[in-house]
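> Chains as they are written, first to last, in our numbering: chain E, 129 to 666; chain F, 154 to 213.
Hints were generated in silico from the structure; no laboratory data involved. Just so you know, not all the hints are guaranteed correct.
What the hints assert, rightly or not - Computed cross-link-like contacts, EDC-like style, restricted to lysine to aspartate or glutamate with a CA-CA straight-line distance of at most 20 Å: (1) LYS157/F - GLU348/E; (2) LYS342/E - ASP406/E; (3) LYS155/F - GLU525/E; (4) LYS342/E - GLU425/E; (5) LYS398/E - GLU348/E; (6) LYS159/F - GLU525/E; (7) LYS344/E - GLU425/E; (8) LYS398/E - GLU231/E; (9) LYS209/F - ASP642/E; (10) LYS508/E - GLU425/E; (11) LYS228/E - GLU412/E; (12) LYS344/E - GLU405/E.
As the list claims (entries may be wrong) - For the chain F half of the interface with chain E, some residues (derived, Cβ under 8 Å), not all of them: (13) GLY178; (14) ALA192; (15) PHE194; (16) PRO202; (17) GLN211.
The structure presented is a predicted model; accordingly, all values stated were derived computationally and were not measured. We put the beta carbon where it would ideally sit given N, CA and C, even for glycine.
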Amino acid sequence: MADFTIPVDILHWVSAIAPIVILLLLLVWGRWGAAEAGAVTWFLVAIVAVAVYRTPMDALAIETVKGVWSAIFSILIVVWPAILIYEVTNEAKAFEPFRKGIERVTPNRLLQIMAFGWGFAGFLQGITGFGVPVAITAPLLVGIGVRPLYAVIICLIGHAWNNTFGTLSVAWLALREVTALPQADAMVTALWAGAFIWLFNIVAGLTICWLYGKGKGIKEGLPAVIVISLMQGGGTLILSQWNDGVNGFIAGLLGFIVIFLLGRTSWYNKPSSIAPEDTPVLVEMEAAATGEAQGKEMGFHLAFSPYYILLALTVGILLIQPIKNFLGQWKIGIPFPATETGYGFINAATEMYSPFSPLIHGATFLFVSAMIGYFIFNAKGYVEPGGFGRIMARTVEKCIPSTIAMISLTALSVLMRNTGQAGVLAMGVGNTTGQFYAFMSPFVGVLGAFMTGSNTAANILFSNFQQTTAQVIGLNEAAILGAQTAGAAAGNTIAPGNVLLGTITVGIMGAEGDVLRVTLKVALGLAVVMGVAIMLVI
Amino acid sequence: MKAKTKMLIWASLLALAGMPFLYIGGQNGSSTLMILGFACFGIGMLIAPLQFLKGKSQAK
């Protein structure tokens with residue numbers, strides 16, 4: 129951001145932050161849904177872009193199209209098949225045998241919730257990303273009796289720790305790329321990032337326990353939190369010094385496997401001491417009788433078959449590099465011309481903007497898994513006549529209304545980024561805080577992820593700025609960059625697009641503010657702790 | 154299908170319909186196409202909040 133041409137003054141800073149504040153106010157306090165709040169905020173961002181940031185109409189038009197493209201081919205493309213796989217499983221009434229199967233692993237409901245919302249979500253983030261962990265595990269949690277609102281909160285908090293080194297470390301590699309860190313500096317930065325991520329990981333586990341049963345929940349869940357976070361967070365820290373590519377995958381896998389072992393220990397081989405009616409997280413299971421009433425008992429592995437297929441496709445294709453490279457050749461994208469604002473803020477022309485690779489994308493794996501799952505359930509007689517029509521009708525009914533919400537949120541974030549508003553926000557913080565910037569650095573990461581919905585995009589957007597600011601002020605560069613990427617991971621839990629992804633897939637669209645009320649505290653609390661830690665250490 | 158859902162479907166389609174106009178208009182600097190595109194996109198986007206506010210006032 130050395131050649132940043134926009135004046136970083138009060139007018140520009142306040143006009144850039146105002147739409148974000150209004151968005152949060154509408155969502156959290158006004159109880160507006162994302163579709164309504166996002167649309168209003170897009171208008172505000174567009175007005176600011178034109179009136180304050182001197183964005184010409186052609187640039188506004190092009191950046192709007194980019195936003196809509198990203199909404200469809202980055203997010204909605206995952207939402208639609210994720211809802212489909214849920215509806216297929218639901219139509220076959222596979223959630224009840226699935227729940228019973230999990231009870232055989234552990235009768236402890238708290239550990240069951242940690243297994244899906246933290247272990248499985250973190251594992252999925254290790255290989256896929258793109259919102260798939262939330263879109264998959266939130267409905268699974270609902271299927272085992274978790275209240276939809278809590279299912280979304282738990283998945284958002286439970287998967288985000290693995291954002292930096294998950295998805296084959298794409299966010300971490302992006303940070304390294306834009307900062308051009310030498311190998312030795314990269315190792316130290318990875319250590320800082322790993323330490324912060326471990327902290328995040330512990331907080332995630334404790335938050336799940338707290339939500340489940342306050343102090344009693346923490347007391348009961350503490351042994352599991354310690355063991356799981358040793359595998360996930362500790363694993364990430366150690367592996368960060370060894371291998372960029374599979375760090376998040378291995379840490380996620382270890383964390384998931386250890387839960388099965390925990391289920392056999394004396395702590396968790398018995399039901400939770402907190403009765404289901406005493407926790408706000410669980411809901412009465414209406415479906416409990418349906419499977420048995422039909423007289424057809426589906427086995428656990430059959431119930432889980434769509435997800436086995438999903439795992440096989442994902443691991444088999446994404447982790448085998450030659451296959452991934454071969455299938456990744458096919459890409460869909462459209463070219464965009466360069467845009468420039470009146471301040472000379474330039475977005476370079478691109479031949480293929482945010483390309484969609486259909487053969488290696490999580491959306492395709494989800495869709496194929498859903499369809500194969502349907503054929504398996506149908507062949508085994510678990511889908512009643514007319515089932516396919518009902519699945520499609522419910523999927524369409526859930527998918528379509530979410531489109532406008534996702535479009536508005538993504539379009540406004542692209543517009544903020546590409547008209548320089550995001551840069552002004554970060555630079556304003558950097559210019560005014562001096563040595564205190566060390567404390568603020570994780571908040572910049574949070575802000576980046578909040579606006580882009582992606583750890584990778586946040587790192588691309590702000591890592592270079594964070595590095596330059598650290599160098600100019602004389603702060604520990606590695607610590608600041610570690611806080612950037614860990615802050616961005618935490619910011620994923622409050623990114624409106626990610627929250628919406630969760631609420632759509634569990635059928636509570638409009639409750640985004642209720643989710644944010646919890647995840648905001650976690651993300652900002654983490655940023656405070658990280659900021660204090662940096663201030664104390666450097 | 155609920156009336157609100159149907160309305161949101163139309164809103165989404167309208168917003169998406171504005172994209173070709175914005176893309177071509179933005180590339181060629183055609184004000185007419187851009188205005189048309191922004192009109193479609195803007196109206197599509199406004200439907201959700203207007204519907205929400207209308208529902209709120211009716212509830213009162």
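> Please go over all the hints and tell whether each is borne out by the structure.
Do the hints match the structure? See the list:
Proposed proximity of LYS157/F and GLU348/E is contradicted: the alpha carbons are some 44 Å apart, above 20 Å. Between LYS342/E and ASP406/E the alpha-carbon distance is near 11 Å, which keeps this suggested pair within the 20 Å criterion. Taking the CA atoms of LYS155/F and GLU525/E, the gap is about 9 Å. The hint holds against a cut of 20 Å. Of the pairs offered as hints, the one joining LYS342/E and GLU425/E is violated, with about 36 Å between alpha carbons and a cut-off of 20 Å exceeded.
The straight-line distance between the Cα atoms of LYS398/E and GLU348/E is roughly 12 Å, inside the 20 Å bound, and the hint therefore holds. A C-alpha spacing of about 9 Å is found between LYS159/F and GLU525/E, which places the hinted pair at or below 20 Å, so the restraint holds. Only pairs whose Cα atoms come within 20 Å are accepted, and LYS344/E paired with GLU425/E is rejected, the gap being roughly 35 Å. Between the alpha carbons of LYS398/E and GLU231/E the distance comes to roughly 10 Å, so the proposed pair stays at or under 20 Å and holds.
As the CA atoms of LYS209/F and ASP642/E are separated by approximately 18 Å, the hinted pair is consistent with the 20 Å bound. Taking the CA atoms of LYS508/E and GLU425/E, the gap is about 11 Å. The hint holds against a cut of 20 Å. Taking the CA atoms of LYS228/E and GLU412/E, the gap is near 15 Å; set against the 20 Å cutoff, the hint holds. Taking the CA atoms of LYS344/E and GLU405/E, the gap is near 14 Å; set against the 20 Å cutoff, the hint holds.
The interface hint given for GLY178/F holds, since its Cβ lies 6 Å from the closest Cβ of chain E, which is under the 8 Å cut-off. The interface hint given for ALA192/F is violated, since its Cβ lies 12 Å from the closest Cβ of chain E, which is over the 8 Å cut-off. Checking PHE194/F against chain E: minimum C-beta separation of about 7 Å stays under 8 Å; hint holds. Nearest Cβ of chain E to the Cβ of PRO202/F: about 4 Å, under the 8 Å cut. The hint holds.
The interface hint given for GLN211/F is violated, since its Cβ lies 15 Å from the closest Cβ of chain E, which is over the 8 Å cut-off.
Checked against the numbered hints given earlier, this structure breaks hints 1, 4, 7, 14, 17; the rest are met.
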